[in-house]
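Here is what each chain is made of, one letter per residue.
Protein chains: 2
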Amino acid sequence: MTFFEKLEKAQKDKNSLVCVGLDTDIEKIPKHLLTEKDPIFSFNKAIIDATKDFASTYKPNIPFYAAQGNEGLDSLKRTVEYLHTLDIPVIVDAKRNDIGNTAELYARELFGNFGFDAMTVNPYMGEDSVRPFLAHADKGIFILTKTSNPGSKDFQDLIFEGKPLYQHVVEKSLSWDVNGNAGFVVGATAPEQLLEVRTLAPKSTFLIPGIGAQGGDIQATMKNGLREDGLGLIINSSRGIIYASSGEDFTEKAKEETLKLRDEINRYRNV
Amino acid sequence: MTFFEKLEKAQKDKNSLVCVGLDTDIEKIPKHLLTEKDPIFSFNKAIIDATKDFASTYKPNIPFYAAQGNEGLDSLKRTVEYLHTLDIPVIVDAKRNDIGNTAELYARELFGNFGFDAMTVNPYMGEDSVRPFLAHADKGIFILTKTSNPGSKDFQDLIFEGKPLYQHVVEKSLSWDVNGNAGFVVGATAPEQLLEVRTLAPKSTFLIPGIGAQGGDIQATMKNGLREDGLGLIINSSRGIIYASSGEDFTEKAKEETLKLRDEINRYRNV
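Chains as they are written, first to last, in this note's numbering: chain A, 143 to 413; chain B, 143 to 413.
Bound conformation, chain A alone:
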């Protein structure tokens, strides 16, 4: 199965568009886990076990692991392997970008070594920096468009020939998407731009960061972003779920927050 087939199966089976962002920081996990052999993996596994019935996918953010050196990367690899034993597709937030054969080496790192099912890609370098990733037809390639941070206005909103840069990114990316495996990253903090991206890409799946800590609005996101079939969105929450509590009850709180987010999202779907 391709990433998008796995994703939609999981979204339907669990009736959930929620993605749990595994931005796991050794300094923020509950202190009682620090005596474990691999505290980062132990934390991730506990979070996954608590939330897996209500989350359709997980998104580790690779710098959180890379900052811990090879040991952190090993914890990440174990996390991906564990998710795969549960048949859960995994997206890596890596925002990689390079051209041709060098892009292919990043694909080898992330798809080959780690086994991720999807990744995020930065489009600034253009066609020959995006196509090598899209060539992995069974993987999901989420291209940054209008991101959720304040600085997204600096370049992404600049208007060229009547359209902001992020819309050019969507249009050109779709023209390169011969395998139908391009998705887009669109911040929940920009609901009007989300509507514009949905208009340009009615059939695509969007990865939506910015819910929760960053202040994105769920109702506006659903209204403007949902695909006609009630899918087409991956709504990510990281800190709001994984750090809902820093005590012994962190798994219960994470479960509660995931369920709450799933149900709040589903209020705006016909499900």
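Hints in this document: simulated from the structure, not taken from any laboratory. Misleading hints may appear alongside valid ones.
The list treats identical chains as one, so a pair stands whether inside a single copy or across any two.
As the list claims (entries may be wrong) - Capping the alpha-carbon separation at 20 Å, the derived lysine to aspartate or glutamate pairs in EDC-like fashion look like this: (1) 295 / 270; (2) 170 / 246; (3) 295 / 319.
Guided by the hints, dock chain B onto chain A, whose structure is given.
Quick look at chain B alone, frame taken from chain A:
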């Protein structure tokens, strides 16, 4: 010393603007090295020993190492450590990009764990994705502007208020550069754009890929890119040097090519 101080000292001491790109691929190194304990490090060390009197800096491209997993990353770490025993500053080509605390984690990976002196950064996400890197005042931060690949025309050349995107990137980046440690990546394949970037950033240092295999012209690069003081450029060559021969004579050939490039560059400097 800051990166730029180290760099200029090395450029003056060796009378060389050459940077050797360590795009080391296990499949392309001479076969007789494969019996070594760490073939990638052995290759890099041999290349460094052969070229160090004529190259002022080295630029490993991190995906070449990451594609080999933790073992590859260990070879990279050894390479950086070896270059530091020789007092040579090292730039990592990583094209990283993320915001705020997440960007800081990439800085911890590359500056903290590996000890790199400078890195490349993709500006697509704007101010809060560039400033966290610039905050490392002793490090060099090379921001992508007009890159050397064909796809650079797709977005970087789009015109907003009479100026292409890459020029907006230069202007905004300079306005964020409170520590004076921003540099720019400008492809040798775009000499006219290089002149425009030099006009906007007369005091900055540019990292120039695209010489050699990618067809960049040295004369035009020097004419349009050289800073008034005869410095301000880091001219990278990767494959043209490190794979000049695939036989037992690979170090001699690498040395020859480095010396040749240094001297060709110096013909267009007043040195």
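Against the structure, the hints:
Taking identical chains as interchangeable, the C-alpha atoms of residue 295 and residue 270 lie at most 20 Å apart only when they sit on different chains, with a minimum of 10 Å there against 25 Å within one chain. For a Cα distance limit of 20 Å, the shortest separation of residue 170 from residue 246 across copies, 16 Å, qualifies, whereas the shortest one inside one copy, 34 Å, does not. For the homomeric pair residue 295 and residue 319, the shortest alpha-carbon distance between copies (18 Å) is at most 20 Å, but the shortest distance inside one copy (26 Å) is not.
In this structure, none of the earlier numbered hints is contradicted; all agree with it.
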